[in-house]
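Colleague: Residue numbers (our numbering), protein chains in the order written: chain L, 247 to 579; chain S, 247 to 579.
If you're looking for bench data, these hints aren't it; they were derived computationally from the structure.
A quick note: this is a predicted structure, and the numbers were derived from the prediction, not measured.
Ideal Cβ positions, reconstructed from N, Cα and C, are used throughout, including at glycine.
Please note that the accuracy of each hint is not assured.
Said to hold, decoys possible - Derived CB-CB ranges, DEER-like:
(1) L/ARG433 <-> S/HIS269: 48 to 56 Å
(2) S/GLY255 <-> L/PRO342: 23 to 31 Å
(3) L/GLU347 <-> S/ASP308: 26 to 34 Å
(4) S/GLY255 <-> L/LYS485: 18 to 26 Å
Stated by the list, open to error - Only some residues are given here: those of chain S computed to face chain L with a beta carbon under 10 Å:
(5) GLY272
(6) VAL292
(7) ASP471
(8) ARG552
Protein chains: 2
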Amino acid sequence: MPEQPPGSGEDELIARHFRPLAHHPGAFDLEDDAASLTPPAGCDLVITSDALVAGVHFFPDDPPDTVGGKALRVNLSDLAAKGARPLGFLLALALPSGFSESWVSGFASGLGDDAHAYNCPLLGGDTVHTTGPTTICITAFGAVKQGQMVHRAGARPGDLVVVTGTIGDAALGLLLRKDPGLAACLRLSARQQDELKRRYLQPQPRSAIADLLPEHVSAAMDVSDGLAGDLVKLCRASKVAAEIEAARVPLSDAARAAVAADPALLENVVSGGDDYEILASVTPARFESLQQAAACKGVPVTAVGRITAGSGLRLLDQAGKPMSLARLSFSHF
Amino acid sequence: MPEQPPGSGEDELIARHFRPLAHHPGAFDLEDDAASLTPPAGCDLVITSDALVAGVHFFPDDPPDTVGGKALRVNLSDLAAKGARPLGFLLALALPSGFSESWVSGFASGLGDDAHAYNCPLLGGDTVHTTGPTTICITAFGAVKQGQMVHRAGARPGDLVVVTGTIGDAALGLLLRKDPGLAACLRLSARQQDELKRRYLQPQPRSAIADLLPEHVSAAMDVSDGLAGDLVKLCRASKVAAEIEAARVPLSDAARAAVAADPALLENVVSGGDDYEILASVTPARFESLQQAAACKGVPVTAVGRITAGSGLRLLDQAGKPMSLARLSFSHF
Chain L
247 MPEQPPGSGE DELIARHFRP LAHHPGAFDL EDDAASLTPP AGCDLVITSD ALVAGVHFFP
307 DDPPDTVGGK ALRVNLSDLA AKGARPLGFL LALALPSGFS ESWVSGFASG LGDDAHAYNC
367 PLLGGDTVHT TGPTTICITA FGAVKQGQMV HRAGARPGDL VVVTGTIGDA ALGLLLRKDP
427 GLAACLRLSA RQQDELKRRY LQPQPRSAIA DLLPEHVSAA MDVSDGLAGD LVKLCRASKV
487 AAEIEAARVP LSDAARAAVA ADPALLENVV SGGDDYEILA SVTPARFESL QQAAACKGVP
547 VTAVGRITAG SGLRLLDQAG KPMSLARLSF SHF
Chain S
247 MPEQPPGSGE DELIARHFRP LAHHPGAFDL EDDAASLTPP AGCDLVITSD ALVAGVHFFP
307 DDPPDTVGGK ALRVNLSDLA AKGARPLGFL LALALPSGFS ESWVSGFASG LGDDAHAYNC
367 PLLGGDTVHT TGPTTICITA FGAVKQGQMV HRAGARPGDL VVVTGTIGDA ALGLLLRKDP
427 GLAACLRLSA RQQDELKRRY LQPQPRSAIA DLLPEHVSAA MDVSDGLAGD LVKLCRASKV
487 AAEIEAARVP LSDAARAAVA ADPALLENVV SGGDDYEILA SVTPARFESL QQAAACKGVP
547 VTAVGRITAG SGLRLLDQAG KPMSLARLSF SHF
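Chain L with its partners taken away, still in its complex shape (with noise of 0.2 Å):
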């Protein structure tokens, strides 16, 4: 045996790619079997995660960096919902046999790139080999003042309904990923299509306005599902209704040309996910607060609906009827 045995092929493919990563003192350079971690004082820890697979969360051909982007910031989109700033990140990467160490070189690119701008390093996790695909789970963690962690219960009768940015991009974008016909027939300039695509490979989780939250709004979560089928589980929480105006959901120019184009995507862009935009409650006192607050840190906020006593959600069209909808929202099962 030699006197200073080399490294695995793991431990090497750690310290090459993902030490760097990993500058919180509580990461121990990744050289421990587990990472500390210690919230600021008076606070609670958020603690969120989310798994990626290859071919059913992404597409296996996806730029790398921007997988490994988009696997933090789904994850930074549900703390951002929760009022929560970010501490940092766990990743459990299982790799396929013959997997090219140029993608993980991307990969770790990426999600290095975002763990910076988020101020989100990271702190540990593991490195396995599956027979599958590439599969990708973050754990991330977050402060929060101590009891002020926003929660998807809160929501009441009065308050009204709203979301950051626009609504459905994601969905077209992925639309537009699977078809590449679809843009001509919707006569989408070539700009649009990228825009919609882009939110897609790239969500913007909405960390800006994270500590807005917790004094404005009396329920929020990430949509991630779609918008109808996330404001259901609001309600539900809450033990609440909503009504949506479908004609206020704010859309996107590019979305906007789409469903003028094909008014059956109205569908897709209430129901089809990956939006990772926010959408709260917030009663109509705190609401300007609220819009103007955000507005400062250059994240719309638009009221779309308002919550009701009972159960369940109703969407009304432009003449104030209601819709219905073939799926609310996007599930694995």
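Given chain L, put chain S in place with the hints provided.
Modeller: Just chain S now, with coordinates in the frame of chain L:
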């Protein structure tokens, strides 16, 4: 759209099988996007993450309750080796097409039994679809007094190298599982075979002595990839070398019988992995106190060698001559 739309298949699966495991108040009944956790006053959080892939880390036909238990236990073993007591865990579960609900039920049942036994409730997680094999990622949280987490770094020349329990049983159990004819060649009794296979199927994390480690050991880790390779990792982190006397490595009766029948199996014993025992370095002055305190908790501790200056690992046979191993430990790549 129905007034009260039913939950999605995903939501219902979670509610049926996993909500009963989520009695921690910070789990919010698995009805929120994130969990909340605040470590006890004066404690640091210790965090570890392990991924298990069907066909890689367990056999697809292993009883699902043992798979659930093992997924948690390998993480509990990491916490124990760091001196931390369990607080809770997150589960990210990727299920293949056509998974059976009875598998999920069995998995959740085994997981729940161990979550209860080790006082480590489910806090949250994610359930997704995969086109590959079932993949389980558990992130476990533990608490240790501030600054008291036990590290891999810290071993010093003159320290004894110690291990808990017996080494090599799981590796031999795995061999028997892969090669049903082997047991007869080794003349193992049915009881001995069962014992070895059980060690592979059901690791026994040494949580009982976690709280003894911070005051007794200079460095520790759990033995998951093989005693030899894991000791090399501990030495590398501590910038020291180590010497192990093969004859002092504690073996179960079953492992002793197997090695007596085929001495070449000693290599599997020291480099095979899946032991989930604790490997630590201890000053000679603290050894007896650790051994006695651990014995009171039913955990045997055996000195198997010593830490020396330099780098690397020397494994000595019964005549004190260096042995060589074809490989030090398991590596995924």
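Colleague: Name the hints, by number, that the structure is in violation of.
Modeller: Number 8 only.
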